[in-house]
Every structure is written in C-alpha cells, then in structure tokens.
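J.: Sequences listed follow chains A and B, in order.
Start counting the first sequence at 1; every next residue gets the next number (my numbering).
Start counting the second sequence at 1; every next residue gets the next number (my numbering).
The set of hints was computed from the structure by calculation and includes no laboratory data.
All values reported here derive from a predicted model rather than from experimental measurement.
The reader is advised that the hints may include incorrect statements.
Note that the list lumps identical chains together, so a pair holds whenever it fits in one copy or between two copies.
To be verified - No more than 20 Å apart at the CA atoms, straight line, and that leaves these computed lysine to aspartate or glutamate pairs for EDC-like:
| no. | residue 1 | residue 2 |
| --- | --- | --- |
| 1 | 171 | 290 |
| 2 | 143 | 97 |
| 3 | 64 | 47 |
Chain by chain, the residues:
Protein chains: 2
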Amino acid sequence: MKQIAILGSTGSIGCNTLRVIESFKGEFGVAALGAGSNVELLAEQIEAHRPRVVSVNDDESANKLRHELKRRGVASQPKIGIGVDGLCEVATINGAEIVIGAVVGALGLLPTYCALDMGRRVALANKETLVIAGELMTRAAEKSGAELLPVDSEHNALHQCLRGERRREVKRLILTASGGPFRNSSKEEIENATREQALNHPTWRMGEKITIDSATMMNKGLEVIEARWLFNAATDEIDIVVHPQSVVHSMIELVDGSIIAQMGVTDMRHAIQYALTYPDRRPAELPPLDLTALSKLEFFALDAEKFPCVTLAYDALRKGGTMPAVLNAANEVAVAAFLDGKIRFGYIPRLIRGACEAHTPQPASTLDAVLAADRWSRDWARQHIYGHHHSQS
Amino acid sequence: MKQIAILGSTGSIGCNTLRVIESFKGEFGVAALGAGSNVELLAEQIEAHRPRVVSVNDDESANKLRHELKRRGVASQPKIGIGVDGLCEVATINGAEIVIGAVVGALGLLPTYCALDMGRRVALANKETLVIAGELMTRAAEKSGAELLPVDSEHNALHQCLRGERRREVKRLILTASGGPFRNSSKEEIENATREQALNHPTWRMGEKITIDSATMMNKGLEVIEARWLFNAATDEIDIVVHPQSVVHSMIELVDGSIIAQMGVTDMRHAIQYALTYPDRRPAELPPLDLTALSKLEFFALDAEKFPCVTLAYDALRKGGTMPAVLNAANEVAVAAFLDGKIRFGYIPRLIRGACEAHTPQPASTLDAVLAADRWSRDWARQHIYGHHHSQS
Chain A
1 MKQIAILGST
11 GSIGCNTLRV
21 IESFKGEFGV
31 AALGAGSNVE
41 LLAEQIEAHR
51 PRVVSVNDDE
61 SANKLRHELK
71 RRGVASQPKI
81 GIGVDGLCEV
91 ATINGAEIVI
101 GAVVGALGLL
111 PTYCALDMGR
121 RVALANKETL
131 VIAGELMTRA
141 AEKSGAELLP
151 VDSEHNALHQ
161 CLRGERRREV
171 KRLILTASGG
181 PFRNSSKEEI
191 ENATREQALN
201 HPTWRMGEKI
211 TIDSATMMNK
221 GLEVIEARWL
231 FNAATDEIDI
241 VVHPQSVVHS
251 MIELVDGSII
261 AQMGVTDMRH
271 AIQYALTYPD
281 RRPAELPPLD
291 LTALSKLEFF
301 ALDAEKFPCV
311 TLAYDALRKG
321 GTMPAVLNAA
331 NEVAVAAFLD
341 GKIRFGYIPR
351 LIRGACEAHT
361 PQPASTLDAV
371 LAADRWSRDW
381 ARQHIYGHHH
391 SQS
Chain B
1 MKQIAILGST
11 GSIGCNTLRV
21 IESFKGEFGV
31 AALGAGSNVE
41 LLAEQIEAHR
51 PRVVSVNDDE
61 SANKLRHELK
71 RRGVASQPKI
81 GIGVDGLCEV
91 ATINGAEIVI
101 GAVVGALGLL
111 PTYCALDMGR
121 RVALANKETL
131 VIAGELMTRA
141 AEKSGAELLP
151 VDSEHNALHQ
161 CLRGERRREV
171 KRLILTASGG
181 PFRNSSKEEI
191 ENATREQALN
201 HPTWRMGEKI
211 TIDSATMMNK
221 GLEVIEARWL
231 FNAATDEIDI
241 VVHPQSVVHS
251 MIELVDGSII
261 AQMGVTDMRH
271 AIQYALTYPD
281 RRPAELPPLD
291 LTALSKLEFF
301 ALDAEKFPCV
311 TLAYDALRKG
321 GTMPAVLNAA
331 NEVAVAAFLD
341 GKIRFGYIPR
351 LIRGACEAHT
361 PQPASTLDAV
371 LAADRWSRDW
381 ARQHIYGHHH
391 SQS
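The following block holds chain A by itself, in its conformation from the complex:
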C-alpha cells in the first residue's frame, strides 16, 4: 500500500485526491493530512482514512478538531500539528511516498521544499510554489532525485505530451486557456467587470482566487512561469492559445512541426490520478471524453491588450530572481481587494505593474529571499490600495 500525505486536504484538490484514493480501494493509504480551519471536514476525512498525523492552522482549530473527533467517537486520534510546522510534519511523515502539494499560497513553500529535499514524489497543485520559488524547488528535486509531477490540468497535459519526446526536440509548449468569462468582452467592459461577472467561469468550477485569476488571465501568466520550471523551458518556448472549450488541455510543438495534444474531460481527478499512478496509467472512474458529442473546438490568439496580466507575467519571468514572487504577491493582494469590493477589476493589473516596477529583483536562491520579496510586495500593494482608495484596513 503506497502511503500518501496531502497538504491541503480540505480544499478542492485535496478532496478530489481522497476520492481518487478511495476509487483504488486499498492500494493507497493516507499517512497524513494537512488542512487549515475546516475542522468538520478534516474530522470526516480522519474518520474515513485514519491518518497518523494531521495539521491545522492554529491552536483553536486543533482544539475544535479534538472536540469534533471525540463527538464522532473516533477511537485513535492522530497527532495534531499546527501551522507551517504542522504542514512540514505532514510532508515529511515517515513512510509516505507521495506528497500532494495543494495548500493555497505561500504557506505551501516550506513543506513542499522539505518533501522534495528528501526525495519524495510531489504532485503539485500549488502554483505559487513554482512561481515564487521555482529555482529552489527544481534544484532540490534535482539534487535528491525527487519527481515533481504537475496536477494542474495544463501542465499535466504537457507532461503527458512530453512522455515520448526528447526535450531538445520540443520547440514550444502551448498552454491552452479557456479565455475566461471576458474573452468576448470589450476593454471597457473588462475594466469595470463586477464580482459576479468575474466569478462566472465558463468551463471550470474552482475556488474564488483562481477563478478571478482566470478572468484576468493572470492564471495563464502564472502557468507560464510554472511551465518554465517544470519543464526547464526558455520563456520564449512557452506560448498561450485561447481554446474556449477547454477540451485540449495543452499541447507541445516538436521541431518537425508536429503538434501533440492531450485532451480529456474537465475533471481534476484525471491529473491527480495520473500523478499518483505515474508512470503507470490506470483505468479511471471518470466518464470518457466523447469527441463526437462536442460541437467544435476553437483556437484563438490571445489578446494581450485586453489581458495585460499575461504580459506582466512574461516580463516578470524574463526579469527573473525575486520578480515573479513580487508579481504573484501583488496579484494575491489585488484579487483579495477586488473580491472585497475595494478595487475595480481593471485596477488589478495596474497594481501588479506598479509593484513590479517598484521592485529591484534579487537572486531567488533562498527561501528567505523569496519570502522577503513576497512580504515586500504585499506591503507595497496594500499601502497602495489604501492610499488610493482612502479606506481603512
């Protein structure tokens, strides 16, 4: 029985990972679960999967969890860790072979680094980890021989397309983008888009942060940075094509002009299962993709004018060092402020540009360095928002 540790077990990826594990009936065991404050769901997961170690965000959640487990009559309680230390305990638990990295935000950095450093396979759904600290993570994986497998559907697709190819014979990685809810909107409509409009994603059901990132297309920009590190690609080798149907999950172009594409249903369980069973492919519980039931597949060029976040991401990647961390942090603050009604939709890219322009990139060679840049950017962005909108914290 292969033991799995999940960082972020109560989120969308975490829950889907547990569904995949259940579908394999006894082949995978759950060694450890890292969550935040959703103790009811975590207690349920503990009851079903009996991990030895779990983690929550703070003491209050830990107490609630103990209480909830008692209420449910769970006999053998797991060890309960707290915060980032707790997540690191989850990631490094004895006997786990695969770590699912699905914590949202910068919190996942250290536990993911620890898992890679000790040579564990990491199935990574946490984009920020590679955006902020791609150099560190890939260096750690290379040193220890750890496999870093993408759970993002786009990067998972690229991983599949690259299986039979030699890296030097690959000319381009082509990330597909649904185009989000504003694909056909005018610049003005996008500028003043409401919360409801921005949260109405055409093809994928996801969390709020990533749904807004899809609307600004920063999500695709972050994926470009992610692809750079996952596949050791030059910035110019990574392209984006808008594909509203989200059936082609991504493609590669070979030097001989051939394009290899991966297609599938829009369900995260596919990529999760792929990362769990790799290099094997195993029958899935998902419905098959019926190509003849689709009306058509379309491909459009990206309109960089309408979606300036993409260019900001490419620029940050080219500048390198701590710049992508600053881009990412400013984006997080901007998206939260937009969701909170503090800034207009069109202000998101302007805020990010401001942060990037104000930053002098440093080498991203230590976790401290990238976390310092992350903090600097958050502070800069928050000050800027409040300065601009005269609202209080």
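Position chain B against the provided structure of chain A, taking the given hints into account.
T.: Positioned in the frame of chain A, the structure of chain B alone reads:
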C-alpha cells in the same frame, strides 16, 4: 550518409520522399529507385540522385529509359531491373538502410517482404501490403527485428501518439476521417454520385484510386486493417471518428481516459521525414500549423448506413485469413470500373460484399495464399461486373 531505396519513386509519395531527402542536403543518399513506366520522371530522378539500381515495369520502359538517359547525357547509367524482380533488387540493394514502400497495389508485396525479411527499416505508404498480407509482413519484421514505420498520415500520427505509452495501457486507436466529399450527402445522392463528385476530395490531394476510396470511406476501412497489424490491436480497439478539417491526424485513448492527439499540416512530407529520421525528430521545411488560423475543429460519429464499406472492412478483419485480401481486390476492381464508367458509385460496396460473401477465408500464412485470394477476388468481381452490365472487357 544513410542510403535509401524507394519502391514507387515516380508516384506522389516517391516524389515527396526525394524532396525530403533533398532538404537534408547530403545526409541521405539514394541507392535505388523502383518505378513503373514514367521513364521521363525516373530519368530526371536518376540524373539528380544517381542511384546504382533502378527498376521499371517492362523491357519497353527499360529501353525508353536507356534512350532518355543518353539523351540527357547522364554519364554513369544505373543497372536497370524489370517488374517485380527489379523491385526486389531495389528493395534489397546492398547498403540501403531504409526502404520506402510506395508502390501501388499488390506489386509491392514481395519487395516489401524481402526488405523486412533482411531486417531493413521499411517506411510503408502502400496500404495494400498490410491489408493483404499483414500477418506475413509483421511476422517477418518481428523475426528479423526490422522496423515497420507508417507513412500514412493517420498511422504515422498513431505512431507518434504511442511513443511514450505502454501498449497495454492504450484502450483505443482512433483514426480520424475527413468524411470525404459525401459527408453531408444523402444516401440517394451517394448512390448515384458522379466521377467528378467522387474525385473532389475536401482536404487531401491524392491519386484517383485513394480519392475514390475516401469517397466510399473504404480508405478508412483499409486503414483499420492496417492499424490492426501495425500496432497489434484488436479489431474492437480501433475506432473511426469523422473530422472534416483533417487537422488532427489521429488519436489514441489511454485506459485512464486521456486522449493524445497528433496534429499537423496536411502534407505527406511530414510523415515521410518522420519515418526517415526516426527516432530523431528534425526541423522540417514545412510551414508550421497555425491553430489560431483555423476556424474550428469538428468531430462527428461515422454514419455506417451511408458508408457501408467501413462495416465490410471491419467484418473482413474479424473473419481474418484471406478475407481482407478479397475485400481489397474486389474494391480495386470496383473502383477501376467506377472510374471507367462501368458501374454506379453505389454499386462499389455491393460488389465488395458479394465477393466477400462468396469467399471462404483460408489462412493467410504464405504470399501464395494471399495472392491466390487476391486473384480469385479480382476474377469474381470482373465476371460479376460484366455479367451485370452486359458489357465487354
């Protein structure tokens, strides 16, 4: 310098092969060329590529070729072989590493067998070879360790999709079909289609025989049989999906539900180059595929009612032995008779069905056995056409 022998050098595949060889400026040499009666073009190819051995269909063509070479002042004349013996000399010429199998019809069988038997890589564009004698060819290749690489765009696509996959993890091979000129025609319109209508293929420019096969969709049926042998697939593992744009050249479905597709421009040089340089991929002279310039990609289920040839091919493959040879031969006679104005378009499948129903399949374990079935079927079909139409030979 890798030496190449081309069976069928003056046909479409042969000429494109020489273009690819020229584009590699000195990396490939032309050891031998096998042609039919187009001696002007063959002489031109001899002048440009200086093969040591060539072959034509008969003594008359050989004399014409000698005269033409003299007229052009070609100093060192190649050895000139005749008929199937000449083609076998081309296929087995000393020093050639790759043999291009692009002779039309059953004539290619023996030379292809000889090349495979001596362990040479065969880049196969001659469908009939595998339809008639798939078991023999693949057994010969297996025994000698010869590589059998498909030059057909569909099978070449499948070969590319399968590069990184394990055969047992592949659930389906999905051949794409343009649907031909009668995709949107009624059963009645197809029944009485004219020669001009049938020759008007929407996406590919090819010879007349294969263009008619595309219109009846027998071409796809023959490709199903070809795929069975190339990829050692069960009949039920091979599917067809109609894709009018011919951008996706074919796909595979894995057991986990993932679909891997190969896309490219519709130019045979891609598949030829792939077969020449495999396992390497090399930069091509072809224009890249611009997905954003395409309007859309569509996929439809095949209408087996309208295109009965496909079911006939599946049935022949299931019955096995010499049955596919009978199917193929009856089809060749029917298509020639249609092009010659002797039978209606709708009569093509009926004639093939008649031949298959009249045939008791034998084991296809020797070339003699399959060639006897081929002859039997041609005779049956010719007799049937003339009996039916009261016309003379």
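J.: Within a copy, between copies, both or neither: where do residue 143 and residue 97 come within 20 Å Cα-Cα?
T.: Cα proximity of residue 143 and residue 97: one copy only (17 Å, versus 42 Å across).
J.: Pop the pair residue 64 and residue 47 into one bin, within, between, both or neither, using alpha-carbon distances up to 20 Å.
T.: within (15 Å within a copy, 88 Å between copies)
J.: Within a copy, between copies, both or neither: which one fits residue 171 and residue 290 at a CA-CA cutoff of 20 Å?
T.: between (30 Å within a copy, 14 Å between copies)
Checked against the numbered hints listed earlier, the structure breaks none of them; every hint is satisfied.
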